[in-house]
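Got chain D; can you put chain A on it based on the hints?
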Amino acid sequence: MAAKVLHAFYTDDDILMNAVKKVRDKKYSIEEVYCPFPVHGLDKAMGLQHTKLAITSFLYGCVGLAVALTMMNFIMIVDWPQNIGGKPSFSLMENLPAFIPTAFEMTVFFAAHLMVITFYMRSKLWPFKEAENPDVRTTDDHFLMEVNVGANDIQEVAEFLHSTGAVEIDLKKEVKHD
Amino acid sequence: MYTMSSKIKITSAILIIIGTIGLIYGFMSTPASVDEVTTMLADSHAAHGDTHAVSNTHAEVDAHHDEHHAEHVYDQLKNRPWASIYTAALFFFLLAVGAFAFYAVQNAAQAGWSPILFRVMEGISTYILPGGIVVFVLLVLSMLGYNHLFIWTDPDVVAHDAIIANKVGYLNTPFFLLRAAIYIGGWAFLSWLMRKNSRKMDENFNESLFKKNFKVSAIFLVFFIVSESMMSWDFIMSIDTHWFSTLFGWYVFASMFVSGITMIALVTIYLKSRGYLPEVNNSHIHDLAKFMFGISIFWTYLWFSQFLLIWYANIPEEAVYYVQRIEDYNLLFFGMVAINFIFPLLVLVNTDFKRVNWIVVMTGIVILIGHYLNFYVMIMPGTVGESWFIGIPEISSILLIAGLFLYVIFNGLAKAPLIAKNFPLIKESKHFHY
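Chains D and A supply the protein sequences, listed in that same order. Residue numbers for the first sequence follow my numbering, beginning at 1082 and rising by one. Residue numbers for the second sequence follow my numbering, beginning at 66 and rising by one.
Next up, chain D with everything else stripped away, as it sits in the complex (with noise of 0.2 Å):
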């Protein structure tokens, strides 16, 4: 069975922000707040968990890191030594200063990439995706917050979210989200 879902519009990012503190306060349930522009601080507002984008991040670095070392020690000392500028490649410990440039820059590389193609996975993003906005106002001017009605009555639930400030509020049956 569909659960039943209220969509309240807000104009305003002020308004929008103490809304969200109120739903929250009455225990009723925020699934998504769909905004034109982000809003500092409405994550912490509606209690979303801190990302953990900022450890893959250091983790990726690490593996760019251990890559460039490897890739290095292969290329330079391995497959290929090489004598440059009077500095023979006979140990990767003993050219290690030449090679943390380009440590640092795979560092980086890694690091950012692959932050940015977790973060499309993880937002479920790719090349096409159609749009998941519930409305096309909320790419423009407008602010929409999704609340779960649940078993409370929807009238009530409507008549409190009007109370916060909504501008409008659309019933729609629950269509499958994340």
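If you're looking for bench data, these hints aren't it; they were derived computationally from the structure. There is no bait here: all hints are sound.
Below 25 Å or equal to it, Euclidean Cα-Cα: the simulated PhoX-like pairs (lysine-lysine) are:
{"hint": "1", "chain 1": "A", "residue 1": "492", "chain 2": "A", "residue 2": "480"}
{"hint": "2", "chain 1": "A", "residue 1": "337", "chain 2": "A", "residue 2": "355"}
{"hint": "3", "chain 1": "A", "residue 1": "486", "chain 2": "A", "residue 2": "277"}
{"hint": "4", "chain 1": "A", "residue 1": "355", "chain 2": "D", "residue 2": "1125"}
{"hint": "5", "chain 1": "D", "residue 1": "1085", "chain 2": "D", "residue 2": "1108"}
{"hint": "6", "chain 1": "A", "residue 1": "265", "chain 2": "A", "residue 2": "276"}
{"hint": "7", "chain 1": "A", "residue 1": "355", "chain 2": "D", "residue 2": "1133"}
{"hint": "8", "chain 1": "A", "residue 1": "495", "chain 2": "D", "residue 2": "1125"}
{"hint": "9", "chain 1": "A", "residue 1": "261", "chain 2": "A", "residue 2": "277"}
{"hint": "10", "chain 1": "A", "residue 1": "337", "chain 2": "A", "residue 2": "486"}
{"hint": "11", "chain 1": "D", "residue 1": "1125", "chain 2": "D", "residue 2": "1107"}
{"hint": "12", "chain 1": "A", "residue 1": "492", "chain 2": "A", "residue 2": "355"}
{"hint": "13", "chain 1": "A", "residue 1": "495", "chain 2": "D", "residue 2": "1102"}
{"hint": "14", "chain 1": "D", "residue 1": "1125", "chain 2": "A", "residue 2": "492"}
{"hint": "15", "chain 1": "D", "residue 1": "1210", "chain 2": "D", "residue 2": "1133"}
Just chain A now, with coordinates in the frame of chain D:
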């Protein structure tokens, strides 16, 4: 309004007394003559047993060599207490200048987050004048020949050294002291001027004062970036008179800047723990910690840039600087990179850690120790060479100067209210939160 607690007064007095006693002991315990060093070296040779028995055939050469060596070691040991007080005095002085440069940057950028910390920065900047005087007195004593910190002051050395002789037009006593007076005097004057304007703003706000401070900070920054670079050549690089590096000014700047910002964070957290500065929140601490993190990495970037080019080019007169440091100062030289780079990198990279006071304090103390060691490794090899040791003279120098520093900055903090209440951006700073 802050009043200096008696605890701080007593602490600084104790530090100054212990430091002075230790430093006097350091001066007393230097060898009185070359003969004394010769016996000392002979004793330590004897203690090593028969390891030198093989070299008996070279006895004659050795005797001559030993004599030279003894003289050399004598000079180094004589220099040691001088170099240790000079390192400590210079470190704390430049730390205060670094904190003031940060203050000037905040003013020139009209930053909205930091005005609530302005009085802390002004308090630290009050050390510029007394600290500068201490450094200047030490430089005058060096120029007068009381020690051999700067070998170019010795006419005998210059006469036998073509490279130094070529630099005499720049490195000579009157010009050197004149430049030192200009740097120290300029910084002390401009910091005094900005403090004065800022305090005047407390009585009644006047837009012209705000604009004036904006202009003074811009003038200071222009003057500072040139004078700081030259100061680093004069006060530090000229110790290794033959050697030069074109990014040395930046390298020293990064060190003093990160130390200054760290000191701002430490003093702020201290005052907050005593119930002052109630409006400072963890977002302010977070921003200071970000600067500590960022400038630590900037320092490493410069450290490595300087090293990489010299290592790669491998030109003898440049490489000798690092050869000496890696051979005689190996642990300090690389250990310093670990505590100035790897430690802050791993600890402060975490967003949440930057908001936790005790983590910021702990990292801050480590950063200060690391940058003191940076100054140590810059100054000591050219003055005491392989006869270095972090012992009584070094530690008591730090205690002496730290005691003076503590007294001066908290005395300075007590001179004005801790919030610059009429500063135009103070409200934004109080509400700073993210």
